[in-house]
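Fit chain B to the supplied structure of chain A, relying on the hints for placement.
Line by line, the protein sequences give chains A and B.
Read left to right, the first sequence gives residues 13 to 127 (this note's numbering).
Read left to right, the second sequence gives residues 203 to 520 (this note's numbering).
Selected chain A positions facing chain B (Cβ under 8 Å, derived; list incomplete):
no.	residue
1	Gly38
2	Tyr39
3	Ser42
4	Tyr61
5	Ser62
6	Lys65
7	Arg66
8	Arg86
9	Thr87
Just so you know, the hints here were simulated from the structure itself, not pulled from any lab data.
Backbone N, C-alpha and C define an ideal beta-carbon position, used for all residues, glycine too.
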Amino acid sequence: MISSDVIRGYNDTMILYLLLKEPSYGYEISKQIRSLTDEKYIIKETTLYSAFKRMENNGMIEAFAGTQTNGKPRTYYRITDEGRKYYKEKCEEWAITQEVVEKFIVKENDDYEHY
Amino acid sequence: MNTIRDYLENMFLGLPKTNDVESAKEELRGMMEDKYQELKENGKSENEAIGIVISEFGNLDELADALGIKEVMGQKTEFPLVSYERAMNYIEDSRATSPKTALGVSLCILSPVVLLTLLGLYESKIISVREDLLIAIGIFFVISLVAIAISLFIKDSGRLDAYKDLCTDSFRLDYKTEQMVSKIHKQEEPIYKSTVSISVMLYIFSGLPIIVTPLIIENGGIHILAVVVTLIIIALTTYNIISKGGAIEACRVLLQMEEYTIENKSNTTYKTVSKVYWSVVVAAYLGYSFITNDWSKSWIIWPVAGTLFAAVKAIMVR
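For reference, chain A alone in the conformation it holds in the complex (with noise of 0.2 Å):
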């Protein structure tokens, strides 16, 4: 499993990619960032809500109250255009990132003696 201090930066973009598809709750998308990581990454309910919270500040996404099939009442959030903005800005900063990092990271099948 991940820690979550490495990926801190990015989960507002990890969220951001679940809400460009459509509008999803807190739970929800929990379980999709648990799956599309293999449960490689498990997001912690506080780090979502603070997320939520901070991107629902800077205008990134908007909340609104919502029903599921089985009535239960949840908040669900939408991105907004400052939102879609944000995310791809943060998927070009992610490529340099890997880019530059990558630099730096011995390879598989390289000798380690050998650096």
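Same frame as chain A, now just chain B:
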């Protein structure tokens, strides 16, 4: 399910009950219950499901920024715990002392009644004694009634002094105590609310004698007697509202609601201002009344000061 609820209640213990905090608790509970439900449906036992839900809950400190309670979060654990026994004793002692406090306050309101009655009778020529003698007798009653009231306050203040820290310092209750206090609060609230609404009506009606009498009768003495009727209505209404409010007020203090929230307790300006404010009002009332002897008009300072204080409070507390 109850375990999850209790777990969350304990995690949020001692946090201010702002809208943000309450809705966070609500939404986190929703997520946890969803997860619990699904784990159960996938064949996990109750204990396993709860174990997983709680281990994946995370750390409440993460929410501090989102809820605007960073400072409170830092000092959360430093708040002393108020025991169940102490909380219950406080409610009972408040319930027992409130009728006496109410009597004291009513006596203060009634204190100029004898003076005003005598002056009213004198003005309307019903009795003909020397005016200064009447004033002397009247003031004797003012002072005596206030003295009795003060002795009532002092006698009972000792009993509630032991709980003074609850009104001024922040503290926390354990889950069981908070549940019990909330229960009592819920029981008392409807009765207290109807008392308040009846009282408000009576307070408004209490002005009628003063307003209506001059329209019907021209005799100045009767106008003064109308003030007496008004004061008696105000005194009875005030007695009713204070004597019934003891337990619910104690519950509010214990649940740290309204003016007793943790934020307000740390708001020292508010405390100082309200102390100074009421001292000044009392001094102004007594000073003006004794110097001008205008007891028939000076009482008006109380409703005015009370209403004005509500405005001051609204600005200070926000």
